[in-house]
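Number of protein chains: 2
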Amino acid sequence: MIDIQFRRAQASDLPVIVTLLADDPLGARREDTSLPLSQPYQAAFSAIDADPNQMLAVVIDREQVIGTLQLTFIPGISRRGAWRGQIEAVRIAREYRGTGIGTRMFEWAFEQCRARGCSLVQLTTDKERPEAHRFYEELGFTASHLGFKKAL
Amino acid sequence: MIDIQFRRAQASDLPVIVTLLADDPLGARREDTSLPLSQPYQAAFSAIDADPNQMLAVVIDREQVIGTLQLTFIPGISRRGAWRGQIEAVRIAREYRGTGIGTRMFEWAFEQCRARGCSLVQLTTDKERPEAHRFYEELGFTASHLGFKKAL
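As you go down the protein sequences, you meet chains A and B in turn.
Residue numbers are given in my numbering: position 1 of the first sequence equals residue 271, and the series is strictly consecutive.
Residue numbers are given in my numbering: position 127 of the second sequence equals residue 397, and the series is strictly consecutive.
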């Protein structure tokens with residue numbers, strides 16, 4: 271098993287995180303990996319880093335960033351005041367895909383959410399990713415909901 | 271058209287908000303409307319109220335709370351550092367359903383999200399609510415994603 275570590279992302283990780291986000295058919299159209307990174311990326315990092323209910327994380331193998339995910343801890347009134355952990359922007363470097371690292375990232379994410387008192391974790395994934403659906407079901411998720419999005 | 275107002279929820283609105291959340295087949299099983307409200311509800315309200323990226327809102331008609339929704343403003347690296355507005359826990363008092371107030375609540379929510387710089391709004395809804403799906407599509411949402419949830 272590869273000896274990976276997890277830690278909170280630092281500003282210096284941002285170019286690699288954007289590269290990971292862009293290395294995907296959808297992400298390739300959406301991201302701009304040119305350096306220096308454009309100002310909105312820097313501003314987004316600062317906003318995440320300043321928010322105690324956000325955790326942008328990276329996965330490290332031999333001092334290299336090989337994965338990323340973002341957790342949002344959401345307090346809510348419903349379900350008797352339950353906190354939810356929301357998982358977004360999960361990416362693994364191409365050469366590490368299929369090695370079980372995804373499962374370890376989610377197990378780590380669940381631990382972080384439990385430590386923050388969340389009783390539920392949630393995510394949405396594009397309908398066109400059946401292999402992702404199987405992966406999430408194996409992790410114990412139920413596809414009980416539809417995810418609606420709208421550009422503003 | 272009913273002359274409704276929107277405002278940020280106050281602690282004194284909490285019992286009505288919980289009653290609205292409970293007035294629903296799913297909510298009835300999940301919530302506890304007994305007074306005084308249990309401590310987790312109070313703690314959740316405080317956590318939401320203290321977080322600048324949360325907005326728990328109420329809809330007012332003639333000084334009465336007749337609806338509620340929660341917005342979460344989520345900074346992210348993906349999509350070139352885009353902010354997202356997430357909408358949860360939307361409820362309208364039974365006697366006001368079917369009057370167009372839902373549409374006005376969403377239009378108000380979109381404005382709040384735009385004012386916070388969000389380029390996207392998102393929500394999930396139970397697969398078993400086809401009438402909600404039509405409503406969201408009429409508002410311009412696309413059901414592009416599946417929503418996965420898992421209890422911790």
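Hints in this document: simulated from the structure, not taken from any laboratory.
None of these values were measured; they are calculated from a predicted model.
The reader is advised that the hints may include incorrect statements.
Copies of one chain are not kept apart here, so a pair can be met inside one copy or by any two copies together.
Said to hold, decoys possible - Derived EDC-like pairs (lysine to aspartate or glutamate); straight-line CA-CA distance at most 16 Å:
#1 Lys420 with Asp319
#2 Lys420 with Glu407
#3 Lys397 with Asp331
#4 Lys419 with Glu377
#5 Lys419 with Glu408
#6 Lys419 with Asp319
#7 Lys419 with Glu333
#8 Lys419 with Asp294
#9 Lys420 with Asp293
#10 Lys420 with Asp283
The hints, checked one at a time:
Within a single copy, Lys420 and Asp319 get their C-alpha atoms no closer than 26 Å, and across copies no closer than 26 Å, so neither meets the 16 Å cut-off. For a Cα distance limit of 16 Å, the shortest separation of Lys420 from Glu407 across copies, 9 Å, qualifies, whereas the shortest one inside one copy, 26 Å, does not. Within a single copy, Lys397 and Asp331 get their C-alpha atoms no closer than 31 Å, and across copies no closer than 39 Å, so neither meets the 16 Å cut-off. Proximity of Lys419 and Glu377 under a CA criterion of 16 Å is satisfied inter-copy only: 14 Å between copies versus 27 Å inside one chain copy.
Taking identical chains as interchangeable, the C-alpha atoms of Lys419 and Glu408 lie at most 16 Å apart only when they sit on different chains, with a minimum of 12 Å there against 25 Å within one chain. In the homo-oligomer, the alpha carbons of Lys419 and Asp319 never lie at most 16 Å apart, since the shortest distance is 25 Å inside one protomer and 26 Å across protomers. Taking the shortest alpha-carbon separations for Lys419 and Glu333, neither the intra-copy value of 36 Å nor the inter-copy value of 33 Å comes in at or below 16 Å. In this assembly of identical chains, Lys419 and Asp294 lie within 16 Å of each other by CA distance neither inside one copy nor across copies; the values are 20 Å within and 24 Å between.
Within a single copy, Lys420 and Asp293 get their C-alpha atoms no closer than 24 Å, and across copies no closer than 28 Å, so neither meets the 16 Å cut-off. In this homomeric assembly, Lys420 and Asp283 never come within 16 Å of each other (Cα to Cα): the closest approach is 30 Å inside a single copy and 30 Å across copies.
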